[in-house]
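2 protein chains.
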Amino acid sequence: MSKTWISNASKKFTPKNLEEISLPIKEDLIKVEEVIQSHLKSTVGFVTSISEYVIRNGGKRIRPVLCLFSSRLAGASGQKVFDSAAAMEFFHTATLMHDDVVDNAKLRRGKPSANATWGNHVAVLVGDFFYCQASSLLVGTDNLRIIKRITEAMLATTEGEILEISKSNDLSTTEEDYLKIIHDKTAVLMSASCEIGGILGNVSEAYIQALAEYGRCLGIAFQLADDILDYISENEKFGKVTGTDLKEGKLTLPLIVALRHCNDSEKRIIKDTLIAETVEQESLKRIISIINQYEGLDYTVKLAKTYLNRAKESLQIFKPTLEREALLRLTDFVIERNQ
Amino acid sequence: MSKTWISNASKKFTPKNLEEISLPIKEDLIKVEEVIQSHLKSTVGFVTSISEYVIRNGGKRIRPVLCLFSSRLAGASGQKVFDSAAAMEFFHTATLMHDDVVDNAKLRRGKPSANATWGNHVAVLVGDFFYCQASSLLVGTDNLRIIKRITEAMLATTEGEILEISKSNDLSTTEEDYLKIIHDKTAVLMSASCEIGGILGNVSEAYIQALAEYGRCLGIAFQLADDILDYISENEKFGKVTGTDLKEGKLTLPLIVALRHCNDSEKRIIKDTLIAETVEQESLKRIISIINQYEGLDYTVKLAKTYLNRAKESLQIFKPTLEREALLRLTDFVIERNQ
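Protein chains in written order, with the numbering used here: chain A, 6 to 344; chain B, 6 to 344.
In case anyone wonders, no lab produced these hints; they're calculated from the structure.
Mixed in with the good hints there might be a few duds.
The list treats identical chains as one, so a pair stands whether inside a single copy or across any two.
Taking lysine to any residue and the SDA-like style, the derived pairs with C-alpha atoms no more than 20 Å apart in a straight line are [what the hints assert, rightly or not]:
no.: 1; residue 1: K46; residue 2: A161
no.: 2; residue 1: K290; residue 2: T247
no.: 3; residue 1: K185; residue 2: T48
no.: 4; residue 1: K31; residue 2: K65
no.: 5; residue 1: K272; residue 2: T178
no.: 6; residue 1: K46; residue 2: E157
Turn these sequences into a full structure, and let the hints steer you where they fit.
Shown next as structure tokens:
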């Protein structure tokens, strides 16, 4: 079991950490926030209210941060950068809202999800509203290459989500399948967030591709970390491991590794838990002990670190600057965060 | 009650009628169908299967027909026209899939809906897949004006859907509210389908706007006709009026007109039916008789005809051609179809 991971996690690295890394672009982030706020206004009153709730209860703004630092690294600035960064957050939020419908999720970031609060119909349509606002913002850049890149990225993200549900409960899911899923559903959009910066800066292809590669590797590591956290983070209130992925029938890498090595009776335990209507804390603990026995978490941490190193390496063609340093430090945030 | 309407409807005008109108563009429609088919392929096998099912069980292809005739009228032809026409069908199908989730619809065009067959999660994601394919096709035209126009249209369509659900069961819904809803949710996309033709033809603004106005008025009339049909068309198998809108709490114009004139006890009957868990055929018949008493259907038919005349008038700036004639005949199809 990955003791280092846990000891790092126990240091309670929080979004504050990301906030510190983002200090150099604080003013830009405020501009992005203004763009986001001004695009929450719908002609229908309650869409505005719900959108504000969803965005306020929002995430860490990692995609805007990636977009802003990448833009600076490529020498781009101004309104198009802020609009693109806001668009990436809107796209991300739209996918989250639709995912919550797909997964029938009750909670999102510890608060009731939009579908749980107002029903699937609202979550679907407000998700669509976010997609449309994201598209509007990107189209407003008048940059066809950016529009094309994001359209491709959105298609890949959607297909990644679909591939994931098509593989749910499937014990024959391989590491390769899994990596394709997390690449498509998570890494592609992070990669595009960085690539846009390069495109807006109008730098040479090698620099644009370096930023894209950084985002791609960071994104894969980010999802690997998420999938590890799902097995080790405890619900603060009840002190229970959440194990959400397992409950949703999602086979993530720690479990895939365990399945690769475990015996038939252990495999049976995993299978029964995956298909059961409710997962008892007891079953979850047994599965975690099987995962630990076959070093599923260690293996996953190691792979995440490999990807983070690749992310760092891809930035070597840029000269050392405050922005490059910030993107390098972001790789540490990915592996050290606890949410 | 609109006897003419019913007598026309009883002639069983069917999509064959539309097929006849579309004969001059038969080969173009085959090209559009090829584009649609080639964009149903997903990297995930079951998405391809479900997409094929949804498209095969598909609609009348009115939006592609509008786009093709408008393009010809504006002198545009070639692959960009076929791609744009296919994109409009994909956008439309995407909104239908999400609508079915929103309305919890069991049937779509007489066959089990995607959400009823495979669940909400599949319908949401395959709907997203269609959105993405539509965007890809439009972005592929390299025409920023088209991309902008459709992005705006999709936002309006989404907001129209949302406005509609926000007004459900609301007895104070006015004719003005209703017209805004059907303009946004239906007419805007039909208008854009026509406008694209003008943009691709690169004709003067007056001609582009004439096509857009034609599509807008046709779209409003199309939805008015749909909302009438919901009260007069009978389920072929059971011989019952469907009254789907009423069951979903949607106040359409025939009912709004009745509410404007009826007395308090009639209003109570309507209200009770709108909020009831199940709507008996008996209640539906009572409401239809209230609607007829206050000529709600006649009023709606008259308004549809007004819009169709406006649609026809807007084409007067084009010289008489086979294409103009076809678009004029399409206005008859809208009012005479029975599905």
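Hints violated by the structure (numbers, ascending)
The structure breaks none of the hints.
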